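Novice: First to last, the protein sequences are chains A and Y. Counting in full-length UniProt numbering, the first sequence runs from 1 upward without gaps. Counting in full-length UniProt numbering, the second sequence runs from 1 upward without gaps.
It should be emphasised that the hints constitute simulated quantities derived from the structure, not laboratory data. Being a predicted model, the structure only gives us computed values, none of them experimental. Idealized CB from N, CA, C, for every residue including glycine.
Pair by pair, the computed Cβ-Cβ distance ranges are:
1) Y/G85 - A/G157: 21 to 27 Å
2) A/L201 - Y/W44: 22 to 28 Å
3) Y/S215 - A/C62: 41 to 47 Å
4) Y/D89 - A/K207: 22 to 28 Å
5) Y/S229 - A/G189: 39 to 45 Å
6) A/P168 - Y/D147: 50 to 56 Å
7) A/Y68 - Y/E10: 23 to 29 Å
8) A/G66 - Y/A172: 50 to 56 Å
9) A/E15 - Y/G85: 48 to 54 Å
10) A/R19 - Y/W44: 41 to 47 Å
11) A/V180 - Y/S229: 27 to 33 Å
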Amino acid sequence: MTQTSTRPRRLSPAEVRARLGEPEAMVKAKIQDRIDEHFRLFIAHSPFLTMATADAEGRADCSPRGDYPGFVKVLDDRTLAIPDRPGNKIADSFRNLAENDGIGLLFLIPGLRETLRVNGHAYPTDDPGVLARTQIEAKEPVLAIVVEVAEAYFHCGRALIRSRLWDPASQALADEIPSVGEIAAAQFGMDFDPMAITQALEESYRKLY
Amino acid sequence: MQQTIVDQIEPVADDVVSLVLRGATGPLAPWEPGAHVDLTLPNWLTRQYSLCGDPADRESYRVAVRYDRLSRGGSEYIHRFLRRGRALDVSLPRNHFPLLPAPEYLFLAGGIGITPILPMLRAAAASDVPVSLVYVGQSVASMPFADGLRSAYGERVRIVATRQQGRPDLAALGSALNPGAVVYACGPGPMLTAAEAAFPAGRLYAERFRPAPRSFAPNTEFEAVCARSGRTVQVPADESLLDVLTHAGYAVPSGCREGVCGSCELTVLDGEPEHRDEIGALAGRVYACVSRALSPRLVVDL
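Please put together the full structure from these sequences, using the hints given.
Specialist: Quick look at the structure:
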């Protein structure tokens with residue numbers, strides 16, 4: 001099964017609105033244009049976020065960012081800084097931001113159902129004052145992403161409740177997934193040794209900064 | 001590790017809060033003036049603070065924390081988010097700045113550097129030898145415990161607010177130092193550098209918050225032999241001994257990673273360490289975060 005014979009029906013925005021109904025006034029009112037004390041507290045305790053960007057043509061990308069809680073620094077009530085830790089060096093997010101500075105962030109706190117959404121515009125920096133504040137284990141990142149906040153709001157917990165995301169029993173799901181080595185070996189379809197790939201990956205995980 | 005509860009958190013000067021940490025399960029480990037502890041904060045960061053309370057109080061520890069505008073997440077967390085009642089893990093006290101017997105003491109404190117000096121001053125004054133304190137800060141409002149010090153020690157305390165009075169003449173203090181008197185200094189780097197120039201080397205004991213800028217010979221690769229576990233790891237020129245050991249799976253404690261706090265101390269069994277720490281490693285010890293090796297092999301007790 002690689003493709004459905006007919007594409008699923010595409011709805012217009014009006015049709016979508018007709019099916020969902022109107023949002024409550026409260027929901028719209030909760031959108032703030034700055035990082036207030038509540039959001040600041042949330043960011044100070046969040047060790048993980050997803051970061052969505054897109055290029056000039058609208059080709060979109062979403063990547064995970066994680067570190068100690070509060071790794072995203074609130075420079076002022078309209079500005080955040082996200083350190084760029086060593087990763088795969090593909091730099092999709094930076095390439096996208098160079099063409100299109102729109103950015104969407106979703107902050108998570110383990111155990112908490114509500115999430116924080118922050119949208120705005122972003123650019124890369126190597127500002128020494130910013131990098132110094134994101135130092136960890138005596139190492140500074142080479143780059144950071146500065147986010148100029150346009151919108152910030154709490155997102156209700158239904159998705160996390162339905163997904164049982166923080167329920168320890170949910171971790172049994174991970175056992176159903178083969179090792180990255182096995183998947184990669186199958187995808188590359190060549191003589192890759194799954195154990196060697198997994199071991200190399202585990203080795204690289206030991207050095208996080 | 002010791003479990004404590006934040007019993008009190010209150011401002012004691014501009015941008016400085018004092019924390020009282022009460023033992024959650026009974027008396028806390030004893031300590032001597034000059035000691036510091038690691039606090040593990042709710043955001044997983046570990047930070048070192050000098051104990052500034054009374055060593056006779058076994059129920060609680062006291063520390064004071066200045067808000068750093070370029071906070072890497074420690075002081076900012078404590079000032080903005082830490083609340084009374086929060087549980088905090090605190091290490092056993094360590095002391096790299098012990099108060100040694102002397103016929104006379106001059107204490108020199110800069111700003112938040114007053115913290116280790118406070119219990120030292122109390123202990124020295126109680127021993128009936130001449131003591132004096134020169135306490136330097138930008139303004140009196142920015143200097144924690146200044147009022148209490150003046151009322152407790154009167155003329156023996158000189159408060160110097162540099163915005164109004166300029167910096168104290170350390171050279172004059174140095175030449176007026178009585179024979180046998182020793183100097184204990186804690187404060188920002190430039191103040192300690194000035195103190196090193198002003199006081200005779202053998203009579204000055206100093207503790208830094210951050211390492212002094214120094215230059216070292218270029219890093220070279222060396223071999224770390226872990227004698228107890230029988231493993232040998234290569235330490236490349238661009239990695240620290242601490243990082244290599246940690247990546248190899250050894251649980252070496254770490255704190256400041258700047259050679260200041262002393263948490264990553266290892267015992268050296270053979271080979272010649274190249275000490276780059278600020279603590280002054282004892283013979284047979286090395287601080288793995290910054291120090292390296294002059295010999296091609298360094299055998300450590302791991």
